[in-house]
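Engineer: Residue strings, one per chain:
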Amino acid sequence: MFTLLETASMLNTIGLPVLILGALGLIFGLILAIASKLFEVKIDPRVEEIICVLPGANCGACGKAGCAGYAAQIVHGGEAVNKCAPGGPDVAAQIAQIMGMEAGAMDRKVAVIHCSSGGYENTNWKYSYDGVQTCRSANSLAGGPNACAWGCLGLNDCFRACPFDAIYIDTNGMRRIDFDKCTACGACVRACPRELIDLVPLTRNVYVKCSSQDKGGDARAVCGSNHPCIGCGLCVKICPVDAITVENNLAHIDYDKCINCGLCATVCPTKAILDLLVGSRQKAEIDPESCIGCTICAKVCPVDAISGEIKKLHSVDKSKCIGCTQCVPKCPKKAIEMV
Amino acid sequence: MGYLGQIFVMAMTAIFIQNFVLARFLGLCPYLGVSKKLDSALGMGLAVIFVMTLASAFTYLINKYLLIRYDLVYLQTITFILTIAALVQFVEMVIQKNAPALYNSLGVFLPLITTNCAVLGVAILNTTAFRPDGITAYTFLDSVLNGFFSGVGFTVVLLAMAGIRMRLEKAELPKSMQGMPIALILAGIMALAFYGFMGWKI
Numbered sequence: 054m055f056t057l058l059e060t061a062s063m064l065n066t067i068g069l070p071v072l073i074l075g076a077l078g079l080i081f082g083l084i085l086a087i088a089s090k091l092f093e094v095k096i097d098p099r100v101e102e103i104i105c106v107l108p109g110a111n112c113g114a115c116g117k118a119g120c121a122g123y124a125a126q127i128v129h130g131g132e133a134v135n136k137c138a139p140g141g142p143d144v145a146a147q148i149a150q151i152m153g154m155e156a157g158a159m160d161r162k163v164a165v166i167h168c169s170s171g172g173y174e175n176t177n178w179k180y181s182y183d184g185v186q187t188c189r190s191a192n193s194l195a196g197g198p199n200a201c202a203w204g205c206l207g208l209n210d211c212f213r214a215c216p217f218d219a220i221y222i223d224t225n226g227m228r229r230i231d232f233d234k235c236t237a238c239g240a241c242v243r244a245c246p247r248e249l250i251d252l253v254p255l256t257r258n259v260y261v262k263c264s265s266q267d268k269g270g271d272a273r274a275v276c277g278s279n280h281p282c283i284g285c286g287l288c289v290k291i292c293p294v295d296a297i298t299v300e301n302n303l304a305h306i307d308y309d310k311c312i313n314c315g316l317c318a319t320v321c322p323t324k325a326i327l328d329l330l331v332g333s334r335q336k337a338e339i340d341p342e343s344c345i346g347c348t349i350c351a352k353v354c355p356v357d358a359i360s361g362e363i364k365k366l367h368s369v370d371k372s373k374c375i376g377c378t379q380c381v382p383k384c385p386k387k388a389i390e391m392v
Numbered sequence: 004m005g006y007l008g009q010i011f012v013m014a015m016t017a018i019f020i021q022n023f024v025l026a027r028f029l030g031l032c033p034y035l036g037v038s039k040k041l042d043s044a045l046g047m048g049l050a051v052i053f054v055m056t057l058a059s060a061f062t063y064l065i066n067k068y069l070l071i072r073y074d075l076v077y078l079q080t081i082t083f084i085l086t087i088a089a090l091v092q093f094v095e096m097v098i099q100k101n102a103p104a105l106y107n108s109l110g111v112f113l114p115l116i117t118t119n120c121a122v123l124g125v126a127i128l129n130t131t132a133f134r135p136d137g138i139t140a141y142t143f144l145d146s147v148l149n150g151f152f153s154g155v156g157f158t159v160v161l162l163a164m165a166g167i168r169m170r171l172e173k174a175e176l177p178k179s180m181q182g183m184p185i186a187l188i189l190a191g192i193m194a195l196a197f198y199g200f201m202g203w204k205i
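Protein chains in written order, with my numbering: chain Z, 54 to 392; chain X, 4 to 205.
Bear in mind the hints are in silico, worked out from the structure with no lab data behind them. Positions of the beta carbon are idealized from the N, C-alpha and C atoms, including for glycine. Honestly, I wouldn't trust all of these hints.
The calculated label-pair distances, taken between Cβ atoms and stated as ranges, are [stated by the list, open to error]: (1) K100(X) with L83(Z): 10 to 20 Å; (2) S89(Z) with L31(X): 28 to 38 Å; (3) S89(Z) with K39(X): 45 to 55 Å; (4) G199(X) with P108(Z): 39 to 49 Å; (5) Y77(X) with G109(Z): 25 to 35 Å; (6) Y77(X) with L85(Z): 19 to 29 Å; (7) L85(Z) with V12(X): 49 to 59 Å; (8) G119(Z) with N101(X): 21 to 31 Å; (9) G199(X) with L255(Z): 57 to 67 Å; (10) L45(X) with L255(Z): 33 to 43 Å; (11) P103(X) with T256(Z): 18 to 28 Å; (12) K39(X) with L255(Z): 27 to 37 Å; (13) A76(Z) with K100(X): 20 to 30 Å.
With the rest of the complex left out, here is chain X:
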């Protein structure tokens, strides 16, 4: 399998088979919280893609050149959280100054995901994951791509959820089912549907 093929496998794995929300159950808070409207779901999704990609890159470097070298892998969680939080803050400042339009669409969501578990999850999973050959660990580029595709997977599911929930608002539901109960049932059914991708051999 060529490198492009491997990237394709990685993308499909991150988006469908090992989807962060529906297979790994990470990032459920924004999944239920920001999925009431399509446009805010899209904003949140884009922000997550952005942060996951950047966080993957930086945590990979920190992990490889600091934690592994000094045998401090047990500090992974706290270091990664620190790195991600600082990074997101920094990026927020930069785009607020240099790209006000981008800030207006992403800005509200950026602080929300500084300590999001899906972002920390992708950073930690990058350090333990193997490439599709099953032997070698992720390289820098692999980590960045995996972060990007995981973010895309999150966005796809968030948009699907928002679309269904917007339609559900028109449905006549028993009062006890309105709002969060039906959203949780919906999340379960979506997770079951995505479970079908587990049997996909690529």
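Okay, chain Z solo, but in the shape it has when bound:
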């Protein structure tokens, strides 16, 4: 056994370090505890909760610096809760629950490339580009290697920028966007040096597939896909809701007004307007029992598909009807249905 002296010296060699280190730890702990009360910064617990709900990809689709920035803006800046594109309606609903309000309908958007050339076979080149293989550097060399100064350079900056693998390249070297995977984060929109890509509501299926601001003849001469917008304005005239404007020889669809009728695509002489729904739209049908023969539907029909004499049953020519649904809300008897 240890003698008393040995025990005392052992206590000294072990006890003193333990005491000093323990005391140091205790003092630091106390200081930090006091400081955490003294220098407390009130953080709204909802901000933390929202950060937990958000996907955490920091993609910037909401327009804020990152998920944390967006969360802070929702709580303090009154930002809308449905701006997180990758999170979609689920996340919007969860945030709305945290904030104690309704989410509101989330208008999901997808990216659309407003150019129909850019592949191996549908692009006209003015010189052979052999430099760094990015659109951005190709674009800075003599205005880019393709004949059209507005069109797709085909070097896949958007493809590389997409964090969700939503852009793929088809056999002709064209970039295609997979709408199922696209979250409208906007990475490709920022990556494209020619600003060809735009975010369009998923519910709208009619796109101007051209960004050329050249005059009609010039645009025709350089376009590799033969579908340039020549700024003729036919679509402007036919559009039943005045959603199309032509500016700088280029048609632009205002998707807040667009009703997806696809009329513009039918009149476009160069087929520069792409209508994804062509052929798959429902046709109007008039219920013979409710129709009072007021002729309103025949007047609003942009393609004259409805015929009938006043005060008599009207009928729809299904081969002419393009499914624009213009007549449906106009019928005073609600006699028209899309089938």
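Add chain X to chain Z, keeping to what the hints say.
Structural biologist: For chain X alone, kept in the frame of chain Z given last:
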């Protein structure tokens, strides 16, 4: 040599000759991890300068008036880590409350460097280093200055690395070389270049 001259020698030693990253190989984690973008590298560098200076001051006092007095120098590592971690936490709280702008630029990096080896390294090296005359140990002011200059050295190298890496991103590299492999090769070449300062007699 006057005191100012000695400070100059100390600065050159800490920044170039005995650079923490490239000559002593401390703090390699942030050197490779936070050197992808210039602005985050600058934020990290400033945070390191700040923490190294403060840590040098506090660990010097702890070392001199607690550890040496009670003959407990073998507890240096654990005490210093404890001190630095507590200090950084405390500073973080203070600036979060009193200087939100500073917190926004430094705040993210502060917790990352609480137990960084370069910060512990400067604290320990301060206790063993000699002044340029080669005889006397560091005074309090020397320690603080050495901490500051070591942080500056770290920042200089981090910024250089970030600048080169941002340019390297544009280079066409074989796939197996992209990212970390080329960064490590780059770090080696930079260390070789800084090795040249070893022959600098001041």
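Engineer: Among the hints numbered above, which are violated by the structure, and what are their numbers in rising order?
Structural biologist: 3, 5, 7 and 11
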